[in-house]
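With the hints as constraints, model all of the structure from the sequences given.
Chains as they are written, first to last, in the working numbering: chain A, 4 to 327; chain B, 342 to 596.
What you were told as hints is all true, and nothing was included just to trick you.
Where chain A lies over chain B, by a calculated footprint (3+ residues, C-beta under 8 Å):
1. 347 to 354
2. 358 to 372
3. 424 to 433
4. 436 to 446
5. 588 to 596
Pairs of lysine-lysine residues, derived as DSS-like cross-links and limited to a Cα-Cα distance of at most 27 Å, are as follows:
6. Lys354(B) - Lys153(A)
7. Lys595(B) - Lys153(A)
8. Lys506(B) - Lys153(A)
9. Lys506(B) - Lys427(B)
A few chain B residues that don't get close to chain A, going by computed Cβ distances all over 12 Å:
10. Phe382
11. Met469
12. Asn515
13. Gly560
Calculated directly from the structure, the hints in this document are not laboratory data. Ideal Cβ positions, reconstructed from N, Cα and C, are used throughout, including at glycine.
The primary structure of each chain is shown beneath.
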Amino acid sequence: MSSPSASTTAAPSALSIRGIRKRYGALEALRGVSFDIQRGEFFALLGPNGAGKSTLISIIAGLVQASEGSVAVLGHDTVRDYRAARRLLGVVPQELVFDPFFKVRDMLRIQAGYYGCGKEVWPWIDEMLERLDLTAKAGSSMRALSGGMKRRVLIAQALVHKPPVVILDEPTAGVDVELRRMTWAFMSDLHRQGTTVVLTTHYLEEAQELCSRIAILDRGSVAVIEPTRQLLARHPYRFLRIKLAGAAQLPEALRPLITGESDGTLELKLETSRNPIGGVFDALRTAGIAIEDVHTREPDLEDIFIELTGHPAKAGGATAGAAK
Amino acid sequence: MTPDQLGFYTLLKKEVMRFWSVLGQTVTAPVITALLYLLVFAQAMKGRAPVYPGVGYTEFLVPGLIMMTVIQNAFANTSSSLMQSKMMGNIVFLQMAPIGPFEWFGAYVAAAIVRCALVALAMLLVTMPFVQLPVHAPLALLAMFLLSAGSLAVLGLIAGIVAEKFDHVAAFTNFFITPLSFLSGVFYSVHALPPLWFKASHLNPFFYMIDGFRYGFFGHADVPIVYSVLWAFGFFAAASAVCLWMLVTGYKLKR
Ligand SMILES: Nc1ncnc2c1ncn2[C@@H]1O[C@H](COP(=O)(O)OP(=O)(O)OP(=O)(O)O)[C@@H](O)[C@H]1O
Ligand SMILES: [Mg+2]
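Here it is, written out as structure tokens:
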């Protein structure tokens, strides 16, 4: 067994990413990315479109050659020791790729064979088909599946050899609400059974809900990598939404705090230390303004994401918070 | 079976299943095309003097037709399989798997040879009512078949790796494989050609494949069998070296 170069005493990380750079001509898609993902983590890799998430995953999976740097899966270098590294890794690609020549179950058995797994994993394949609600389609041609079904086959395909480390590149993109929940439950089960799960998504509430640690990639560099709770606590502020009675205007002193307005409801961003909520209420009472409705909101990942990257996580600016 | 062996075997099986699922296109169609050539040319050339002593034109034609069909189908099998995987994107399933470049190479080439063996046997079978071919040198026959089918399978892999769209593979087929396989002495003995064409034919690797294959049946050929085997082997070795270099370095396949 090859040992990791850095810490030979401790057990190797699930994924160890060291100084990865990737140049496409003049474009530098990854500019020196280094971090480790520990065994048993449920990890989110976030970032705006084009940040380099899929490129990084492709390098880990052996689909793309890094210009510089190295990756190890549980201590096995993905280039020098690629057979061991790949047996320990399952990757769900972002693109909906499939082989039109084969039926669902046959395709999964073939994929298992590539990993040196024979009949002993057939029950596991059928179990996954059941869990992913694909049993009825097991004998269908890949061509005949809907997009959401193809996505689920991709998930099963990445897991045929029961890898201890799984990376899912936008597993819930284009998937309906019910299916998304099913996918979440499936991933959570995997994680509970000891699998290290890495997820990319543009639905930040998904990352916030499921993942214990988050890295945000922006223009090819890691902008932040922190436990989810710490990341959320990073900004000691909250949002106050108030609807004032009648046509009342906010007192002058409170105006700079406004961050948004819709349908007569104002959103104020309050720093917990400098603008306590009580102070706002006092100011309104002093000015003789009645409040019709009030509502507070903790900052969520979306707010932090925008602060760090300057973009909303989803195209079109629909925020995760607004969707709730 | 070790896991690595099972990986290789699975890929080979998958490649065979791929052409098997469209047998009409991959085996029946080329056999019918070759039969049509046989009927037309055998009729047109009826009554000509035997090319070799005691070998009639129809007899002479069949081995060449088989080899020409093998050449075209070996190339078509690997090039279209790889190209389709690239275009559909499902090549990632293979690239992510712990399958090394040598297994990859071996499985694709072996599957193409299986298809060619089916095509060749089917052609022997359907031409049986018209011609009964002798078998003079079975080992030479087998060697020429394997080296030729193997070489073209490797060439098809190279084309599949290099091509960026189907047009590129089609161009390679139309401007290289098809003309060279036609101008390789399938329909005539090169001794019947004018001097310039006679010389040019000896630069065509497919000429040796067909000539050596014919030797295996009749014990007569335009060049000594040793030359044909050496040419075919050299061609196979050179193409394999290039192809394996591409697979090992990830040329074009790994962006
Ligand atoms: N094969 C390629 N050739 C040239 N440039 C590429 C290639 N693949 C990716 N890129 C570029 O690299 C950058 C990172 O792309 P990547 O697909 O990794 O982003 P991403 O973070 O996965 O984005 P998304 O959220 O949209 O999936 C982009 O600017 C992209 O245009
Ligand atoms: Mg992506």
